[in-house]
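**Student:** Each chain is listed here by its residues.
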Amino acid sequence: MYSQGLIGADGRTDETPEFLEAFQQRVDAEEKIEPTDAMPEGYRRTLVRQIGQHAHSEIVGMLPEGNWITRAPSLRRKAALLAKVQDEGGHGLYLYSAAETLGVSREQMTEELHSGKAKYSSIFNYPTLSWADIGTVGWLVDGAAIMNQIPLCRCSFGPYARAMIRVCKEESFHQRQGYEIIMTLAQGTEAQKEMAQDSLNRWWWPALMMFGPHDGDSEHSDQSMKWKIKRFTNDELRQKFIDATVPQAEYLGLKVPDPELKWNEEKGGYDHGEIDWDEFWRVVKGHGRMNRDRIKARKAAWDNGAWVREAATAHAEKRRTRRMAAE
Amino acid sequence: MVNTTPLWEVFIRPRNGLAHKHVGSLHAADEIMALQAARDVYTRRGEGNSVWVVPSAAITASDPDQAEENFEPTGDKIYRHPTFYEIPEEVGNM
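First to last, the sequence lines map onto chains A and B. To convert, take the position in the first sequence, counting from 1, and add 18; that gives this note's numbering. With the first letter of the second sequence counted as 1, position 51 gets the number 44 in this note's numbering; the numbers rise by one all the way through.
Simulated from the structure, these hints should not be mistaken for laboratory data. Ideal Cβ placement from N, Cα and C applies to all residues, glycine included. Certain hints may be false.
Unchecked claim - In silico lysine to aspartate or glutamate, DMTMM-like type, Cα no more than 20 Å apart, as pairs:
#1 A:LYS137 x A:GLU52
#2 B:LYS70 x B:GLU83
#3 A:LYS246 x A:ASP261
#4 A:LYS50 x B:ASP33
#5 A:LYS246 x A:ASP105
#6 A:LYS336 x B:ASP33
#7 A:LYS96 x B:ASP33
#8 A:LYS187 x B:GLU40
#9 A:LYS336 x B:ASP23
#10 A:LYS280 x A:ASP311
#11 A:LYS187 x B:ASP33
#12 A:LYS244 x A:GLU33
#13 A:LYS273 x A:GLU198
#14 A:LYS258 x A:GLU284
#15 A:LYS50 x B:GLU40
#16 B:LYS14 x A:GLU52
#17 A:LYS50 x B:ASP56
#18 A:LYS50 x B:GLU65
Said to hold, decoys possible - So, partial list: chain A residues that the calculated Cβ filter (under 8 Å) puts toward chain B:
#19 THR54
#20 PRO58
#21 GLU59
#22 ARG62
#23 GLY110
#24 SER115
#25 GLY121
#26 ILE164
#27 ARG194
#28 GLU198
#29 TRP223
#30 THR331
#31 HIS333
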């Protein structure tokens, strides 16, 4: 969201204790950090990693949903799904732009996604097997994403915060369109209701995993909280999500697939069963059902789009030469 | 062939009577494609009725290292503000 020519955080900054202290004071005073400001290299690196991952998630997230565009059950649903997938592409672009202000290039980020060096949200390594999954993805996956993203609108890094404000405005439509799909199925025939329940059964736990490991096992959490990149811990956000979502499932007459789920009056929230962290780590490490397909699809899109990028560049060059000749 | 396309800054005017405001940036091979992409990416929900795209490289920016000397001197020039001047109440609003 800033010109690349303006980048100042280039690692030249001498990180003396005074500098780090002054930086922390600015963050504590809720001052936004802008790309041209001096910043600790760790702050810059954390943001490049996080914003890059976030951007990749938006782009890879287009795949499971794009899978159903041609099979959407009505024109209304198809138009909405197309608009949603287009939004995700836009979100990826806002985020790549925000990361670029930190001195990393789009090409470098793309390369890191393709090589597996950069991660994206593991949720997209699960397949969308039925139309109900499109509803569940909107309701749960976008719902979880919103929980994560609303506090990011107040992130200490200006370009990230500004990108997130745009993203959050658009994301609310995604969740509502998803819930509407699931509601239609849940109020439909017995078979449709089963389809909705089956979808919730498969997506519930992966959606909870979207918030990341428990606070004690989250390696970047403490420093990110201190720098106000993060505002809430993984477990806090997960709890908020559960508390908000369980009543929505109840309204639909669907059952959340957690036998240990129970309202806890004292804490004013739900207690829930333990997440299967082995599965979480397995998918993060590349062994989910769709990891290989997703990266394959991204690489194919990149490779098959090469001629378009080359043609655009050649055309621009031709126009430039003609214009110069005419002048 | 290296496919690095230039970066463009995007400005949108929400409606007539307001200034164009910076909303973000994007990559595009030339100004025509930049405008098209800006329209697709930044105006999906009635955000405006006019778009500018400017090559990022064309922006000359003030040096962040000189922010203090550039902008702090105005801090103590309080006489530039209307509230610096005392006008008797009888005179009314001014």
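**Student:** Are the hints correct? Go through all of them and say.
**Tutor:** How the hints compare with the structure:
For the proposed pair LYS137 (chain A) and GLU52 (chain A), the alpha carbon gap of about 25 Å is over 20 Å, so the pair is violated. In summary, the hint linking LYS70 (chain B) to GLU83 (chain B) is not supported, as the alpha carbons are separated by about 27 Å, beyond the 20 Å threshold. At roughly 24 Å between alpha-carbon atoms, LYS246 (chain A) and ASP261 (chain A) are farther apart than 20 Å, so this suggested pair is violated. At roughly 29 Å between alpha-carbon atoms, LYS50 (chain A) and ASP33 (chain B) are farther apart than 20 Å, so this suggested pair is violated.
Our distance criterion of 20 Å between C-alpha atoms is broken by LYS246 (chain A) and ASP105 (chain A), whose separation comes to about 27 Å. A distance of roughly 24 Å separates the Cα atoms of LYS336 (chain A) and ASP33 (chain B); the hinted pair therefore is violated under the 20 Å criterion. Among the hinted pairs, LYS96 (chain A) with ASP33 (chain B) is consistent with the structure: their alpha-carbon atoms are about 19 Å apart, no more than 20 Å. The suggested pairing of LYS187 (chain A) with GLU40 (chain B) holds, with an alpha-carbon distance near 12 Å, which does not exceed 20 Å.
Proposed proximity of LYS336 (chain A) and ASP23 (chain B) is supported: the alpha carbons are some 11 Å apart, at most 20 Å. Straight-line distance between C-alpha atoms of LYS280 (chain A) and ASP311 (chain A) comes to about 37 Å, which puts the hinted pair past the 20 Å bound. Distance restraint check for LYS187 (chain A) and ASP33 (chain B): the Cα-Cα separation of roughly 17 Å lies within the 20 Å cut-off, and the hinted pair is therefore satisfied. Restraint check: the Cα-Cα separation between LYS244 (chain A) and GLU33 (chain A) comes to about 17 Å, which is no more than 20 Å; the hinted pair holds.
Distance restraint check for LYS273 (chain A) and GLU198 (chain A): the Cα-Cα separation of roughly 17 Å lies within the 20 Å cut-off, and the hinted pair is therefore satisfied. Using a Cα cut-off of 20 Å, the hinted pair LYS258 (chain A) and GLU284 (chain A) holds, with the two alpha carbons roughly 15 Å apart. Restraint check for LYS50 (chain A) and GLU40 (chain B): the C-alpha separation of about 25 Å exceeds 20 Å, so the hint is violated. With a CA separation close to 18 Å, the supplied pair LYS14 (chain B) and GLU52 (chain A) stays within the 20 Å bound.
The suggested pairing of LYS50 (chain A) with ASP56 (chain B) holds, with an alpha-carbon distance near 18 Å, which does not exceed 20 Å. A C-alpha spacing of about 18 Å is found between LYS50 (chain A) and GLU65 (chain B), which places the hinted pair at or below 20 Å, so the restraint holds. The beta carbon of THR54 (chain A) is positioned within 8 Å of a beta carbon in chain B (closest approach about 4 Å), and the interface hint is therefore held. Of the supplied interface hints, the one on PRO58 (chain A) is violated, with its beta-carbon coming no nearer than about 16 Å to a beta-carbon of chain B, more than 8 Å.
Interface hint at GLU59 (chain A): violated, since its Cβ lies 17 Å from the closest Cβ of chain B, which is beyond the 8 Å cut-off. Interface restraint check for ARG62 (chain A): the shortest CB-CB distance to chain B comes to about 15 Å, outside 8 Å, so the restraint is violated. Hint status for GLY110 (chain A) relative to chain B: violated, with the closest Cβ pair at about 10 Å, above 8 Å. Interface restraint check for SER115 (chain A): the shortest CB-CB distance to chain B comes to about 5 Å, inside 8 Å, so the restraint holds.
The beta carbon of GLY121 (chain A) is not positioned within 8 Å of any beta carbon in chain B (closest approach about 13 Å), and the interface hint is therefore violated. A cut of 8 Å between beta carbons decides the hint on ILE164 (chain A): the least distance to chain B is about 17 Å, and the hint is violated. Evaluation of the ARG194 (chain A) hint against chain B yields a violated restraint, the C-beta minimum of about 14 Å exceeding 8 Å. The restraint placing GLU198 (chain A) at the interface with chain B is violated, with a minimum CB-CB distance near 18 Å, outside the 8 Å limit.
The restraint placing TRP223 (chain A) at the interface with chain B is violated, with a minimum CB-CB distance near 33 Å, outside the 8 Å limit. A least Cβ separation of about 5 Å between THR331 (chain A) and chain B falls short of the 8 Å threshold, and the interface hint therefore holds. A hinted interface residue such as HIS333 (chain A) counts as satisfied when its beta carbon comes closer than 8 Å to some beta carbon of chain B; here the least separation is about 7 Å, so the hint holds.
In summary, the structure is inconsistent with hints 1, 2, 3, 4, 5, 6, 10, 15, 20, 21, 22, 23, 25, 26, 27, 28, 29 from the numbered list given earlier, while agreeing with the others.
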